[in-house]
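Asks: Following the hints, complete the assembly by docking chain W onto the known chain C.
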Amino acid sequence: MLLTQFLLLAAILFSIGVYGVIVRKNGVLVLMSVELMLNAVNINLIAFSTYHGLGGQVFALFVIAVAAAEVGVGLAIVLLIYRNRRSVDIDQLDELKG
Amino acid sequence: MWFLTHAWIIPALMALSFLLILFFGKKMPKKGSEIGIAAIGIAFILALLTAGSWYTHNNEEVEGHGDAAAMADVQEGCSNEVDHLAAEDHGEETEDAGDHEGEEPTDVGDSDEGTDDHALGQSDSGEYAAPAATSTAVASEGEEEHVTRPVVRCAAWAEIGTPGSSLITWGTMVDGQSVLMLVVVTLISLMVFIYSSEYVSGDRRYTHYFAFLSLFSASMLFFVLAQSTIQMIVGWELVGVCSFVLIGHWWEEKPNSNAALKAFLTNRVGDIGLLIGVAILYFAAGRSFSILDLNILAANGGISHGILLVASVCLIFAVMSKSGQFILHTWLPDAMAGPTPVSALIHAATMVVAGIYMVARLYPVFFEGLSISGSSVNFLAIVGAVTAMFGALLAFVQKDIKKVLAYSTISQLGFMVTALGVGAWTAALFHLFTHAMFKATLFLGAGSLSNAAHHSFDMVNDMGGMRKVLPRTFWTFIVATAALAGIFPLSGFWSKDEILAGHGSLFSAGGNGTYHVMLVMLLIGAFCTAAYMTRTIWYAFYGEFRGHGTPHESGSRITVPLIILATLGAVVGVLNLPEEIGPFTFPESISLQFEHFVEPVGAYFPTISHAEFNIPLAIFSLALALSAVLLTYLYYWKGAFKFLHGLSERNRVAGLGKTILVNKYYFDWLYTDVITGFVKGPAARATNWFNQHVLDGIVDGTAKGAVVAGQFVYENIDQKVVDGAVNGAAITTSEAGGVLRHLQTGRIQQYAALFFAAAALLAGVFVVAIG
Chain C
1 MLLTQFLLLA AILFSIGVYG VIVRKNGVLV LMSVELMLNA VNINLIAFST YHGLGGQVFA
61 LFVIAVAAAE VGVGLAIVLL IYRNRRSVDI DQLDELKG
Chain W
1001 MWFLTHAWII PALMALSFLL ILFFGKKMPK KGSEIGIAAI GIAFILALLT AGSWYTHNNE
1061 EVEGHGDAAA MADVQEGCSN EVDHLAAEDH GEETEDAGDH EGEEPTDVGD SDEGTDDHAL
1121 GQSDSGEYAA PAATSTAVAS EGEEEHVTRP VVRCAAWAEI GTPGSSLITW GTMVDGQSVL
1181 MLVVVTLISL MVFIYSSEYV SGDRRYTHYF AFLSLFSASM LFFVLAQSTI QMIVGWELVG
1241 VCSFVLIGHW WEEKPNSNAA LKAFLTNRVG DIGLLIGVAI LYFAAGRSFS ILDLNILAAN
1301 GGISHGILLV ASVCLIFAVM SKSGQFILHT WLPDAMAGPT PVSALIHAAT MVVAGIYMVA
1361 RLYPVFFEGL SISGSSVNFL AIVGAVTAMF GALLAFVQKD IKKVLAYSTI SQLGFMVTAL
1421 GVGAWTAALF HLFTHAMFKA TLFLGAGSLS NAAHHSFDMV NDMGGMRKVL PRTFWTFIVA
1481 TAALAGIFPL SGFWSKDEIL AGHGSLFSAG GNGTYHVMLV MLLIGAFCTA AYMTRTIWYA
1541 FYGEFRGHGT PHESGSRITV PLIILATLGA VVGVLNLPEE IGPFTFPESI SLQFEHFVEP
1601 VGAYFPTISH AEFNIPLAIF SLALALSAVL LTYLYYWKGA FKFLHGLSER NRVAGLGKTI
1661 LVNKYYFDWL YTDVITGFVK GPAARATNWF NQHVLDGIVD GTAKGAVVAG QFVYENIDQK
1721 VVDGAVNGAA ITTSEAGGVL RHLQTGRIQQ YAALFFAAAA LLAGVFVVAI G
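As you go down the protein sequences, you meet chains C and W in turn.
Numbered continuously in our numbering, the first sequence closes out at residue 98.
Numbered continuously in our numbering, the second sequence closes out at residue 1771.
With the rest of the complex left out, here is chain C (with noise of 0.2 Å):
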């Protein structure tokens, strides 16, 4: 039972971090959802290490460490775009376009 609810959490913290990756207009807080992504994740592989070994510990271990350097990447991107147009807005990046 105690397994369910874990994987509810990060069910429920997974969404709020998708949510938050598809509505949020604000770069910083883009990679702040993201972060709540991979620490739902995380939270699954520690809940599920507890009955099966601790290869998912090492996992979120692992998760933790490139989460870290993802952010120093994503924020150093975000700082750059403040740079060239004074904001953080990600709905006008749109050079992408077909």
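Read the hints as simulated data drawn from the structure, not as lab findings.
Be a bit skeptical, because a hint or two may be false.
Which chain C residues stay away from chain W? Per the calculated CB distances, all over 12 Å, these [stated by the list, open to error]:
1) 5
2) 12
3) 14
4) 15
5) 18
6) 23
7) 27
8) 33
9) 51
10) 56
Distance windows between CB atoms, simulated [to be verified]:
11) C:76 with W:1723: 48 to 58 Å
12) C:80 with W:1719: 47 to 57 Å
13) C:76 with W:1766: 34 to 44 Å
14) C:15 with W:1719: 57 to 67 Å
15) W:1741 with C:93: 17 to 27 Å
16) W:1726 with C:63: 20 to 30 Å
One side of the interface only, derived from the structure: several residues of chain C facing chain W at Cβ under 10 Å [unchecked claim]:
17) 25
18) 86
19) 94
Note that the coordinates shown come from a computational prediction; the quantities given were computed from them, not determined experimentally.
Cβ coordinates follow ideal geometry from the N, Cα and C atoms, glycine included.
Replies: Same frame as chain C, now just chain W:
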């Protein structure tokens, strides 16, 4: 024996001399001539040693009997027939039946005229018992048996067909005939080399000249030693190429290079005959190029008469071109454009005698093919006799002394060909031998004369009275002329008489047939020979000097060869003295030495009958020659027969005759104007018309058809089908892109939303599918 098995050294030495002169000649103190003279000198000594060796070998007692013993000196693998004989002789009863029996015509012996029909009739397999039977029969009658044992060495050259089936070999076939030619070629070449070192000194291509003189000798030596017919063709063509180079030695002047081309191209015409003849014989002899094989098979009925006839006619065309016989003789007088020593070499030893030698070498083919024995007319004899007579007539109207000698050579070669044609084989080779000596003297003498007359050969306008200033040249010329005219006892008398006697029964006993027509033609030729040579002496040596400047005798390097050759030309006739002349009998040790040395007896040579010396004929021909000399003497020296002077201007018939002679029977006109003119004019135009209208029409039509077909394909298939498919694909892609581009908003969050939606959808599917 060593010299007989290593005869290949002689041509190899001359070939080496060619290369050495070519590469190092210019650096030598005498510009390469010393290499050539040294090489030909050594070659001459080797040739003499070979001749001595052959003499010993030929007189040795033969161990055992029959053909196998006679062929014991033939290296294994050089001749299928000889290998066959040897196998039978060793008692190995492994007759490869079918091998030979299949090829043998059933009527073996029918084509053979000889005395041994019974023997041949019985031998229905590949045994050639006939000559053996003859020789043993002769031996049992108490006469001295003598079988020639040729020494043959060979090496494989190439293999054709399946392995072992047919081997092309090259090597040396040494017997009296080739040894004779070795001596003649090296002797004349030696004299010519020494003579040339003075005659062409200071020439701009002196080194080059000696190099090719060496190659010329090498080619001829290679040719005479040939063991297979293929090797013969190679030597034959090499001789042709060398004569081309040397005739055109002074090629800067157009007539000289034209003469060289004419010599080469005329010879090419005849060479086709040689190639066809050799090919026919190759297949007829069961795929063998070996001369020994061909001769053994031809002499013993191993090849059918019809095939031999065709082959010999083809080969006669080769002789016509090479040996200057009518109708392909026209190149020979023009070949006088070359330096005089080259003319001497060509006429005496190398080029033109190649044809005679080839016939003599493959004599069984001609003897059986043309049915020489017992006949009274054949192609070879006609060609020779016509040449002997008409060539001699042409010499009368020449002003150029070298052209007189050229027509004389043509005529004398006609004598040799006729001799071969009537079966007087030994007489032909004997005449070749003596003729080489005195004709070389005459040519070299003409060169000496022209040296004195400022390099002119025009004896009518630039010579005369040379007797006093050129005594040595004069006397050698007189001796050689007398020999050529056949004056007793000089060499020409003996050889010519032997030829005449060989014609058969008109005056003499013996001979192989009754060739009376040819005999009469040759007698006319002999009469003319004596007369035109006397005329030449009158113009060159008597009367007033008509040239300019003061003529002088040539140096010793010119006169010494002249004296040597003239001496030989005078005396070599004694080499083949007849056994008896009327009441006189010569001892066996000195009579017929030449015949004994040269003529093969045995399986590879037909049994020919020899004419005996005949006094009436000899006296008649000598009287004919002397009367010709006398009449010419009276005409020129004493001014007799006044009515003859200027006859050609007054009498229309005589004028016509002279015009025909001056125009050389219109042969050159026939070749250059009629044949070449026809090819260049109407034939070329017709061909051009055919090309323009028919061939081009076909080509153009094809092209037009192709254009129309191409247009159709372009318009219908290319434009509509292929391009339609390509364009259709492009348009589809483009429109699909137009539809899909609306998805590309560039808004990342929209992409993310889509991504998550898709992921969620997939996850749902996953869950449903698995769960």
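Asks: Hints first: check each against the structure and report whether it holds.
Replies: To see whether the hints hold, each was checked on the structure:
For residue 5 of chain C, the shortest C-beta to C-beta distance to chain W comes to about 20 Å, beyond the 12 Å cut-off, and the non-interface label holds. Even its closest Cβ contact with chain W, about 15 Å, leaves residue 12 of chain C beyond 12 Å, as expected for a residue assigned away from the interface. Not every CB of chain W lies more than 12 Å from the CB of residue 14 of chain C, the least distance being 10 Å, so the non-interface label is violated. Distance to chain W contradicts residue 15 of chain C as a non-interface residue, since its nearest Cβ pair spans about 10 Å, not more than 12 Å.
For residue 18 of chain C, the shortest C-beta to C-beta distance to chain W comes to about 5 Å, within the 12 Å cut-off, and the non-interface label is violated. Residue 23 of chain C, annotated as away from the interface, has a beta carbon of chain W within 12 Å; the closest lies near 7 Å. Non-interface status of residue 27 of chain C relative to chain W is broken: a Cβ of that chain comes within 12 Å, the nearest being about 10 Å off. Some Cβ of chain W comes within 12 Å of the Cβ of residue 33 of chain C; the nearest lies about 10 Å off, and the non-interface call is violated.
Against chain W, the non-interface label of residue 51 of chain C holds: every CB pair exceeds 12 Å, the least being about 19 Å. Under the 12 Å C-beta cut-off, the non-interface status given to residue 56 of chain C relative to chain W holds; the minimum distance is some 20 Å. For residue 76 of chain C paired with residue 1723 of chain W, a C-beta distance near 52 Å keeps the hint of 48 to 58 Å intact. Between residue 80 of chain C and residue 1719 of chain W the beta carbons are some 53 Å apart, a value that agrees with the proposed interval 47 to 57 Å.
Between residue 76 of chain C and residue 1766 of chain W, the C-beta spacing of about 36 Å keeps the proposed range 34 to 44 Å intact. For the pair residue 15 of chain C and residue 1719 of chain W, the supplied restraint of 57 to 67 Å holds, since their beta-carbon distance comes to about 59 Å. For residue 1741 of chain W paired with residue 93 of chain C, a C-beta distance near 18 Å keeps the hint of 17 to 27 Å intact. For residue 1726 of chain W and residue 63 of chain C, the Cβ-Cβ distance of about 50 Å falls outside the hinted range of 20 to 30 Å, so the restraint is violated.
Given the 10 Å rule on beta carbons, the hint for residue 25 of chain C holds: about 8 Å separates it from the nearest Cβ of chain W. Interface hint status for residue 86 of chain C: violated, as the beta-carbon distance to the closest one in chain W is roughly 19 Å, over 10 Å. A least Cβ separation of about 3 Å between residue 94 of chain C and chain W falls short of the 10 Å threshold, and the interface hint therefore holds.
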